[in-house]
Structures are given as C-alpha cells and as structure tokens.
Amino acid sequence: MKSKRLQLIPYLFILPNVVIFLVFVVVPALYGFALSFTRWDVISEPVFVGVGNYISIFTSSSFWETTQRTLVYVLTVVPLTYVVSLLLALLVDSNMRLRTLMRAFFYVPAMLSAVVIGVSWRWIFGDYFGIINYFIERYGGTPINWLTTPGWAMLVVILASVWARAGYYMVMFLAGLQGIPEVYYEAAKIDGASRWQQFWRITLPLLKPTSLVVLVLCSIESFKVFDLIVTLTTGVTGTGNHVLGAGYLPLGLPAR
Amino acid sequence: MNRWVSRVLQAAGLVLAVIFVLPVIWVVISSFKPGTELFAWPPTFWPKSATVSNYIDALNKGNFERYFLNSLYVSTLSTILTLVINSMAGYAFAKFSFKGDRLIFYTFIATLMVPLQVIMVPIFLVIRRLGLYNSLWGIIIPPAATPTGVFLMRQYMITIPDEIIESARIDGASEWRIFWLIMLPLAKPVLTALTIFSFMWRWNDFLWPFIVISNEQKYTIQVAIANFVGQFYVDWNSLLAMSVLAMIPVLIIFLIFQRHFMKGIAITGLKM
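Protein chains in written order, with this note's numbering: chain L, 1 to 256; chain C, 257 to 528.
These are calculated hints, taken from the structure and not from any lab test.
Be a bit skeptical, because a hint or two may be false.
Stated by the list, open to error - Covered, in the sense of this in silico footprint (three residues per stretch, anywhere, with C-beta under 8 Å from a C-beta of chain L), are these stretches of chain C:
id: 1; segment: 281 to 287
id: 2; segment: 390 to 400
id: 3; segment: 454 to 466
id: 4; segment: 496 to 502
Note that CB positions come from ideal geometry on N, CA and C, so glycine has one too.
Looking at chain C on its own, in the form it has when it is part of the complex (with noise of 0.2 Å):
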C-alpha cells in the first residue's frame, strides 16, 4: 500500500509542479507568436511561425533599454546600500544591549505593516521636500531600510560566539574593525541570501518608483510595463515580451543561487 501512496503522491506531485509553472510557460510561448497568431481562434499552443518581432518592437517603443538600465541601476546600488546599513543595525541588535534596543527593533519590524500606499501622499511631499522627486536615488535610499534585511542580519549574527568580538577587543581592535573585518566575513551565508532578496525586491519593485518617479526617461522596468497596461488597450505584443524580459534577470539569479535563496526564508522563518 505504501508504494502505491508514494507513486500517487509522486505522480500529484510532478501535475502540480508543472500547473505551477505553466501561466509562465504560456506567457514566454505567446510571447514568440507574432501579432496574428496571439489573437488566433482556436488559439495556437505551439507558435506556427514563431518570431522575436516582438521583443523586437518592445525594443523600440518608448526606451526600453533605458528602462532596464535604469531598473539595474536602482537595484544594485540600493542592494549595495542596503547590506551595508542592515548588517550594520542587525550587527547592533545582535551583539549589544542598549537603552531602547528592543523597542527600536521591534518598531523596525513593526514597519512592515505599514502599507506604502496608505502613506503615499505624504512620502511624496517629503521625497519632493529633499529634492528627491523624479531622481533616481529617491528609489536606491529610501526603500534600502528593509525591515525584513535587520531582521536576517540579526538572527543570523546572534547566532555567531560573542567571544570572538571580546577577544578582539582585548586585542585592542576598533568597534568598526571588528564589524567590517570580524563580523561580517563570519556573517556571509546570511549576506549573500539578503544580497539576493535585496536584489530581487528592488528589481520587482513598483510602488517606490511609481511615487517618485514621472519622467518617463526615468522609469523602471516596472513601471513602465504597469503603464503598458492601459484599461481600454492594451498592446499584448509587446507588453508579453516586456514581460519575459523582466523575469529574465530574476529567474537567472534565483537558478544560480537557489540554495542561498532557501537559506534565507529558513532564517525568516525562525521565530524571534
């Protein structure tokens, strides 16, 4: 009876993988079919004449390259900021005690209830307040501060002996040594797994850019492809190859660096 559950259990196992990854796999086919075939019907499964013609022209409309550039840009520099400040706060709620330790961090974690787009209007006037309107580092500072990245960072460096950092002290070595040359080469599992969230947030990112940015050269992927989607018309060509074309960067990190990535949502998923 045993091996009959495992092979039913097995062969549910492999449908349901595969349902779980078809309206991807659907959306990359489509996006091959030319402007003809996508609306065809019966539809077509496999494209007929398959053609890039449509990355192709969502190549050429608006700026596309810009558009990705510009995503890039946001997410690895915001990615840079990011390890650097989090590591830095979870280094702190990890390894000292101070007046307030718990109630800062608490309230940090607690941000993560805030809905950006409750605050929308006012986050705007205070983005334009600082000259950050329209610029792109109103996308790479603010949304740096992740919660969840303190969050990772501390579990993880409690985790890491406090004698290692009493040792260094007796040894006459400074609180930033200690941290850049101690902590965080010990802490690297912990900063390569946010290094690739981090990267995957900002890069998925709409609502930070959608607030601060209405230049159109400035526009991330995202919004751009948000804007794509216009309630009456909508150009399917195109927007199906954009599409594809954001997933791309993601998808390929994610293949490389699938265990980091599990590693990661296992230290989220530690209670506090």
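Bound-form chain L, shown alone (with noise of 0.2 Å):
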C-alpha cells in the first residue's frame, strides 16, 4: 500500500463524505461562529459587535434558566436511561420464555419519530382529555396540567426521553452481556458467588467499555434534545422553550 498511487486512492474514497459534512456542517458552524461576533438582521450587512451578544446573553435571565434546565434534563435522563436500559438487557438476557418479544417490545419507542412521540405523549398527558388524568381524578385527586406546569412538564419529556430511548441502547448492552464468556459466572458459582456479588464483580466491570458507550452517545443526545421538546411542549409555532437545544431556537442567535 506504499505506491504514490495508492497514497491518493483512500482520499478518492473519503472525498463525497468530506465534501458533504464540509459544505453543511463545517462551514454552517464557522460561519455561525463568525456571524456570533455581530449584529445582523439577515437583510442589511452584519455589524461587527464583538463579544457584545455574548455578553448579552450571559446577562440575560432566561439563558441561564435554560441553561439550568438543560443540566437538569441532561443529568437525569443519561442516568435513568443508564439504570433502565441495562435492567431491560438484564432481564430479556436471561433464557425466560417470550423474550424475543419482550426485547421488540422494548425497543418499539426507539423507532418512533420524535415528532410522534410527542403527540401520543401529548395525548395521554392531555389536560383535560388525557387519560393519565382521568385516573388521576377516578381515585380521588387533582387532574394536572402536565405539560403546562413548567415542573410537571420536565418530569414528563424525561420520563418520554427515557422511554424513547432505553430501548436502544438495551440492545448494546445485550451486545455487550453476550460478549462475556460464561466460564467467568461458572467459576463464580463454583467459588459459592451469590448472584448478586456476580454482578458487581464480573458483569459490571466487563461491561465497562459499553458503559462508556452508552454514557457518551446518550449524553451528546440528551444534550442535542429538540424536536421532542418541541412537538411535546408548544409544537413548532409556540414560544415556550425548556431546554438549551429548545430554548437556541427563540434566542435566534447563531451564537455557539
């Protein structure tokens, strides 16, 4: 693989992703970087204000509320999803009857558009339609207007984001709870291991580099957080914003 031909030929393959990610990705992000430094109403020539926007934004109430939303959403949901979906490959990992289709089941929200997540959600969490609050009112309490109530409706686009995606990563740490041989969980038994020391001292600690996985790709997407938050809150013409990603949208700064 050493010839000067072959030096050019792995560029020729890379070439149409670079070009691609390049034009709509990278030069999109430098340009919103540079347009940060100015002030712009997309019709005259943008001013240069320095970090004026940034200072603006620092100063303004509402971008550290979101900001604080964010951290909210974001260190509750990796950890639920953590927690759940490695439960959920605990549990269709063992040899039960039917876990072919427990494992379907589990992962059917994961193949839900975010956009129809947040309808069915919308739906069941209805104010005065919804069926969540007319069990509510059947044994005797208060109906809640769950995605109004600005605490309310944080618990629900959680509860929405880990129901949407523990599914998923189910999957990896099934991958991952297969790839560890069985002869480690005999030796344990033999050496009197309950089940429960089996799991802390072997399953886990094998499980690491999936662990990791999982933490950082739930993260950048916990992170990332939009169009859920959107369909389930205010839907696209709204104002409302809950969280950072939601909340860049109103803000309509192409600050970073």
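From these two lone chains plus the hints, build me the complex, please.
The following block contains the structure:
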C-alpha cells in the first residue's frame, strides 16, 4: 500500500463524505461562529459587535434558566436511561420465555420519530382528555396540567426521553452481556458467589466499554434534544422553551 | 428459591414490556374513535363505534398523500446515497493508512455532537446559496454523510482480512473494482443494517426538512405532523391518524429485519 498512486486513493474514497460534511456542517458552524460576533438582521450587512452578543446572553436571566433546565434534564435522563436500559438488557438476556417478544416490545419506542412521540405523549398527558388525568381524577386526585406546568412538563419530557431511548441502549448492553464468557460465571458459582456478587464483580466491570459508549452517546443525544421537546410542549409555532437545545431557536442567535 | 425468582422476573418482564408499548397502543386505539368519543369523559377504552373516518379526514386534509410520498422519496434516495458514500469512507478508514486518517475519522465522529438547531441559521444560508432551499435534494444530500454510518462500515470492514485485498491487487484489479466487487459483497450484513437505520433516520427526521422546506407541497410527513400541533388548538382526530400512519413504515421494516437492527446496534456499541 505504499506506492504514490495508492496514497491518493483513500482520499478519493472519503471525498464525497468529506465534501458534504464540509459544506453542510463545517462551513455553517464556522459561519455561525463568525456571525455570533456581529449584529445582523439578515437583510443588511452584519455589523461587528465583538463579544456583545455573548455579554447580552450571559447577562440575560432566560439564558441561565434554560442552561439550568438543560443540566437538570441531562443529569436525570442520562443516569435513568443507563439504569433502565441495563436492567432491561439483564432481564431479556436471561433465558426466560417470550424474551424475543419482550425485546421487540422494549425496542418499539426507539423506532418512533420524536414528532410522533411528542404527539402520543401529549395525547396521554392532555389536561382535559388525557388518560392519565382521568385515572388521577377517578382515584380522587386533582388533575394536573402536565404540559403547561414547568416542573411537571420537565418530568413528562424526562420520562418520554427515557422511554424513547432505553430500547436502543438495551440492545447495546445485550451485545455487551453476550460478550462476557460463560466460564467466569461458572467459576464464580463454584466459588460460591451469589447472583448479586456476580453482577457487581463480573458483569458490571466487564461491561465497562459498553457502559462508556452508552453514557457518551446518551449524553450527546440529551444535550442535543430539540424536536421531542418542541412537539411535546409547545408545537413548532409556540414560544415556550424548556431546554437549552430547544432554547436556541427563540433566542435567534447563531451563537455557539 | 431460584424458581420463584425467575417466575417473578418473568412476570415483571411481561408487565414492563406491555407498559412500554401501551402509549403506542393507546394512540392506535384512539385513532379509531369518532370525534365525539375521542373526548368522552370518562374515556371509553375500546372504541364503541370504531371508524376509519379519522384516517379519511387525515388523508383529505392538506396533502397527506403528498407528504407521505415526499417522505418515501427522500428516505429512499438519501439512504442509497448514504450507503454509497459511507461505505466508501468506511473502507478507506478501515483498510488504508493515510496522512490525517485518524484526525479526519475522529472529526467525523465528533460531529455527532453538533446540535443541528444551533447552526440552523447558517445552514439555512448555505442551503439557499446553493439553490437547495425548498428542494427535496436539500433534505436528501446533506444528512446522507452520517457519522454513525461511517463508523459502522469501518468497524465491520476492519474485520475483513487484508489478504483478500492484497491478492486482488496482485491479480491486477483496480481499487474501485476491489471495493465494489470484493469489499461490498463481503460487507453485506452491515450494509443491510445501515440500510434499515438510514431509512429510519430519514423517515423520522424532523430538523433537516424543517430547515430546508417551507413550501407546503414539499413537506415530509414529520414536518406536516409537527405543523399540525398548534399551541392552542389541536385537531386530534386527524393528528392521531396521521401519527399512526407515520409509524407504520418503520414498524413494518423493524418487524421484518429485527435481527439486522439488533446486529447494527451491537456493532455501534463496540469500542473504537
């Protein structure tokens, strides 16, 4: 693979991907970064204002509120998704009956678009017509305005996110679990280790690489969340913004 | 004791599995209720007078068939493009060592972290400059260069022995022929997985079409549904039916190719 001719070839193979990626991701990102130092109304020429935009965001209370909400969201969704998907994987990894069916069921939400998930959960958590409020009322509680009360809306968004992603990461954990050699468990059994000990001493440590991938991917996804929150809480025409990712839109700044 | 534990686990598993699909089932059931029954209080669980009128309404509303076809067109073409360019890039990263290979590869992967909504304004400007605004090509081309796809292809192709390529080279095969006639057929399992994933991503995608398309004739199904969700007034009858129709293609694909799906995710879960 050392000849001159061959040295050019890999670049040709990556070229189409690189071009699309440069044009539609790198250039816009740099452009946006440059624009963030200007005041610009889209029509006239941008006016350089230095770090003015940054000062105005950092001093606006709504920025800090959305940042705080984003952190709350990410710091709850990531650990919850981790635990739930690991538990689901452990459950369907055992050789119980109907495990294939269970896997499929757990995976179904991961197939749905954020828009459809938003619609479905709005329907279930609706104020006057939602089935959840019906049950609350029936058992003597007061109905809750789930999606218009900030705290409750956050809870619903968190639950919907975990529900929507757990199946995907469950499959990753499943692959990780199946990569652990059976002999380790057999040896542990001979030594008299309980199931609990086996989990903490064998399963969890050996799942470390998978765990890392799951945590990284899930954190990235959570920081980026946008469409789910938009459809779940306000609709694209609304102005409410609950998490930073979604907050960028009404903020209108191409700032990073 | 062990028997008891496994019975309890079995029961818990089944209950959890049902809970997981319950929201979807509830939406499907509701979509068959006539308008009056939809908001009946107390709600009926099984539709008393099941009807497909919501579906007929949804199909008549706006240009539903159009949106559906747009989604199908965009998802199919974009998937083909993804397969070609991602497998090419994956091959280069797996089987060649060249200057900057690691840097370029990791930069690709790192773009997973860029939230599209953050660079929405400049993307819009670039799209418009290139004449892709309000064009379906604007949703087909840009998202086709998926980092996950490149990663999947690379991870799989690394496992294909180098000797096969070397011997083809000695036999005088051109680099393109080696890729096209030797590598791709060997990478069939991962290509299948990527086909399914890519179709699902594009079908479910909301942001790209949302940025690129403003002409209602060119809406994809996701944009159409999202636009249907107003803040104050929601036409639930049509919305539920539309949502169910939007779920169907991916659910069908999932049922047919379940194994490939699982395999694809398993490869993504491997460490780099």
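Quiz prompt | Coverage assertion for the segment 281 to 287 of chain C with respect to chain L, Cβ distance below 8 Å, three residues required | solution = Coverage by chain L holds here, the residue count being 3 at a Cβ distance below 8 Å.
Quiz item: Holds or violated: the segment 390 to 400 of chain C covered by chain L, criterion of 3 or more residues with Cβ-Cβ distance under 8 Å?
Solution: holds (count 3)
Quiz item: For the segment 496 to 502 of chain C, do at least 3 residues have a Cβ located nearer than 8 Å to some Cβ of chain L?
Solution: Coverage by chain L holds for the segment 496 to 502 of chain C (3 residues, Cβ < 8 Å).
Self-check item: Outcome, coverage hint (the segment 454 to 466 of chain C, chain L; C-beta under 8 Å; three residues)
Solution: Holds, because 7 residues of the segment 454 to 466 of chain C bring their Cβ atoms closer than 8 Å to Cβ atoms of chain L.
Consistency with the previously given hints is maintained throughout, with no hint failing.
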